[in-house]
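Fit chain Y to the supplied structure of chain C, relying on the hints for placement.
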Amino acid sequence: MMNYVIVGASAAGLACAEQIRKEDKDGRIILLTKEEYLPYSRPSISYYLKGKVTEKDMLLRKPSYYKQTGIEIVTGAEVTAIDRKKKTVRAGRKSYHYDKLCLCTGSKPFVPPMKNTQSKENALTFLDLACTKALKKKANKDTRAVVIGAGLIGMKAAEGLSKICKSVDVAELSERVLPSILDAKSSKSVKKFIETEGHITFHLGDTVTEAKSKGGKITSVVLKSGKELPCDLLVLAVGVRPETSLAEKAGLEVNRGIIIDPGTMRTSDSDIYAAGDCAVSVDMLDGSKKIIALWVNAVRQGKAAGSQMAGGEGATGGTFAVNAIDFYGMRICTCGLINAAGDKYSDRVIQSGESYKRLIFEGNRLVGFVLINSSENAGIYTNLIENKTDVTTLSGDILGTPSLMWFDKETRKSRLKGESA
Amino acid sequence: MKRVYAKEELCLNCRLCEVYCKTAHSQSKDIIKANKYEDPEPVSRVTVCGDKMLSAAVNCRHCDNPKCVEACITGAMQKDKKTGIVRVDEEKCIGCMTCLAVCPFGCIKTGKFAVKCDLCCTEDEPACVKNCPNRALVYADFGGKG
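So the protein lines, in turn, are chains C and Y.
Quick note on our numbering: the first sequence kicks off at 1195 and runs consecutively.
Quick note on our numbering: the second sequence kicks off at 397 and runs consecutively.
Because the hints were derived from the structure by calculation, they are not lab data.
Please read all numbers here as calculations on a predicted model, not as lab measurements.
Just so you know, even glycine gets a beta-carbon here, dropped at the ideal spot from N, CA and C.
Check before you lean on any hint, since a few could be wrong.
Said to hold, decoys possible - Covered stretches of chain Y, as calculated for chain C (at least 3 residues, CB under 8 Å): (1) 399 to 407; (2) 451 to 458; (3) 484 to 492.
Excised from the complex, chain C in its bound form:
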């Protein structure tokens, strides 16, 4: 009987465990998580913050599910070392033997150096349920909150806090909001919308350099521009880095993220795999190696790793970025190479009122899109990107609502039958 050990129980870890169980009914599967909770939806923490979901709603599976499927979950188990010779991992005083090991350690918050923000009780990160609970406890109607970072995490924290706090200020070093998912033009209109709807004040091209404190508590922050903002709660959401310390200590190949074979998810040790935000992916659209920190990417990699670990041949298929998110009812859906620059790329834009649609092409292929309040049937665009479809073969206006009727008869018929797209 095989012993499988998985470190980390979010998207990749859980998908990995489930895939192993599908392909190996008898093997022992141990899922170790340093968190105190059963696998839950990390992206839901902002919805928890604003009170839209309960802790119970956030659980990815019912508590009874793990026993039924024979997946042993150990919570509160932080793995501190891998012994590659003995094939064991250590968590606290226990050690676990593995035949196959998968590292799904995710990301850790990146906190840039700032004066006087270390170990202050009202300076918090926003990445998991534990810190969200702490944040929720400290935020009230009199709180003046400052968020550092206007990326996905910072903006979701700001949105959640804006429903609770007296004021929310966001400082971002870049000149625009949500730089990873929006292009320059759309980020301007999104910023304006969020300012109006959420009463959030932005300080773009600026960041916090220093905090002033009293008795272990931050009272105000000083920005690079010299501005000083009163601050009762500081959220550090500048960005994340892959959590690779365990892999590094074990001598696995790491370059920003854990290096894996993009087909098999195998690391430089043939019995150790890695999946999700801690691993380096290859973007199928431009061949670049990067961390694609996305739920669906983590699930696909976790599944592929699980299959390979159980002796199967599962693979991820092509990987590229897809994001869907909403702020105050504004729906943003983006995919692919949204910031592609250079002669080989072209784009087409249609805009009316609060909706915006920009499609990015490389020759006759769609390689990216930015959809704001216009995401109807967006998955058909995503599919065109994934399949590298020649868009000149489609009938209908590509800037209109995507439709199965765009495709030729044969494709249409096979899609209507539900054959894999």
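Just chain Y, lined up with the frame of chain C:
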């Protein structure tokens, strides 16, 4: 599993499937109230695509390896192991619409949460099929191969 299959050569673009789908998924279950007055307006899970010349009613394929389930960040979208039906748990869904961004068939609609075909769950035949006057929709066990 049984799925709904659309025949484009028989579809007249009458959109009665949408009317009946809306009704079946309304609070009142009354065709007039559901289609004219109910607020919030019920959402049809089936959509007639195309024009008078060529059209077909498209709804969820209940895929064997559903991309929407893979992409769901809350575990709300699940494929039922017994029935094969891909369903949204409305309590868990936060309406991020990542599922919509990956569905290659364009079968997920936006509401308060993700809205999609549930094959009318308890019925022996989904409302869209039952009420298609020209048999352009069939409910059959083609196993996806046809």
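* Asked: Broken hints, numbered, in rising order?
  -> none
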